[in-house]
Amino acid sequence: MNNKKPVLLTIYTTLFFLYIFVPIILIFIFAWNSGEGYSFPLKGFTWQWFAEFFNDQLAKKAIVNSLIIAVSSATISTVLAFFLSLGLLRGRIRRSGIFLTLLLLPILMPSLTIGISALVFFRTVNIPLGIPIVIVSHVSISMSYVFIIFLGRIESLPLSFQEASIDLGASWLASIKDTVFPVLVPAVVAGWLFAFMISWNEFIVTYFLVGNNLTLPVYIFSQLRFGISPKVNVISVLITLFALSMLAVFLVSRKIYDRLLSGERM
Amino acid sequence: MSIVRSKNTNLIYPGLLWFFIFFLLPLSVIFIYAVTARTPGSGEPVKITFENFLVIFQKKHYLIILLRSLKISLLTTVFSIIFSYPVAFFLAKRTRFDKVLIVVLMIPFWINYLIRTFAWKLILSENGVLNQLLLWLKFIDEPLRILYSQTSVLLGLIYTYTPMMVLPLYASLLRIDDSLMEASMDLGASRARAFFDVTFKLSLTGIFAGTLLVFIPSLGSFAIPAILGGTDSVMIGNIIENQFGKVGDWNLGSAFTIALALLSIALVLFYSRLFGLESIYKNRDVT
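These protein sequence lines are chains A and B, in that order. For the first sequence, the residue numbers in the numbering used here are 1 to 266. For the second sequence, the residue numbers in the numbering used here are 267 to 553.
Isolated chain A (complex conformation):
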């Protein structure tokens, strides 16, 4: 349309990106600032807060718990979502629209309602609070997200793949293992990573279900509620770097997948 350079829009967008990222950068800066306060001018460079963080046994425990929860819930929800999407899209379900809408609910409802209902449910049936039920509830949330990731991929995978392999003598199980699964590996990786990050960052549901245990977000929340120390900055820096590397893995795996696809078409 017009070839005029959109000066105002460019400036605005730049400001918007600054607005999104400056707060995060500030956290980084204060992680290495000596002195308790959070004000400029900076007082000096220090690794003190990192040392303090690494000596914090509670924080270590929280990290371990978070990892256990994230790995197990991501694995369960990837498996369930894989089956679910294959069954719904390549099975014989007449009114799959209803299921799709239902499965969107965990994404579109406030996680508070999910957390509270899980809390009440597990207390009512007398299952004690703790890490196992946190894992279970994280699966209920992340399954929907992973399911959506699979939907897109399975739509582009014709049923004839599976049919052909069965015609050639494979069992039904083998047809899934050897023809469907390999094509979907990138989606499995992406879905797993996504589910991992959802669980890793999840706070509200965890907060209600975790009982006396700690996860990293719950630990951060407790630190933030009762005054703040630069230790929180250190955690934030480490988590952010971790999140960024996960994002990088996520993007690279998607790139590889796209390469593979375009390679197949050539």
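Don't take every hint at face value.
For lysine-lysine, the following PhoX-like pairs were computed, each having C-alpha atoms within a straight-line distance of at most 20 angstroms [stated by the list, open to error]:
| # | chain 1 | residue 1 | chain 2 | residue 2 |
| --- | --- | --- | --- | --- |
| 1 | B | K359 | A | K5 |
| 2 | B | K273 | A | K177 |
| 3 | A | K255 | B | K365 |
| 4 | B | K326 | B | K337 |
| 5 | B | K365 | A | K231 |
These aren't lab readings, by the way, just hints derived from the structure by calculation.
Assemble the complex: chain A is given as a structure, and chain B must be docked to it using the hints.
Just chain B now, with coordinates in the frame of chain A:
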């Protein structure tokens, strides 16, 4: 060959079972709590009542908090639309680097929102970065007290959820054919008129999808008001949390939770009537 199809169909059961037991069943359980009265003694029969819902509207304290939560979430949504529309437009229509920039914009999603909220605590506190900057620039004489107020909660929510608005907006703008706007201008519409009648109206899908992704979590938020808010910024989420603490009333808390759930389901249904839910899948695919 329908044998494959019918065998594949069985694959839905593990996931579906999980979904029913660990998602729908718990929801039904709190629904039961919400419509029954508390029975302190064991002998009393459970009574079905709408008392718990009525309390929300009858007690002035609760009503105020309910209305405040709606107000704050609505403001969050409106501001996020205003803030992100130009950005989404720029990304969709005015730059070749949109793919990269969208990825950059995804970064905040991957960083824990508690940390992003913490950043605002640093910025807004009395001797925080913002006050220092304003004092240094001589815009103000004494530090503003923004932290622990409704304003700081609003700022925190807007900051946290605005990226959620950009993505669906961008996706909807991307789908609009530029020639439509050109055509309307050829037919005599002014630039502004062409924009509002064509581009803006066609991007309403994105605005509504973004509204779901911003309004619903804002309404149900409790960590952000707990960290950034004060006594005048308690939201529904904080009341709900209290009801399930040490001295809470589970029935009342469940009624609040169900109200919140119903409100969000109503919004989702309203949206799917208008546009169909597929558009949400499609939007999600951008991320």
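Cross-check of the supplied hints:
| no. | hint | result |
| --- | --- | --- |
| 1 | B/K359 / A/K5 | holds, 12 angstroms |
| 2 | B/K273 / A/K177 | holds, 14 angstroms |
| 3 | A/K255 / B/K365 | holds, 13 angstroms |
| 4 | B/K326 / B/K337 | holds, 16 angstroms |
| 5 | B/K365 / A/K231 | violated, 35 angstroms |
Hint check: a violation occurs at hint 5 only; the rest are consistent with the structure.
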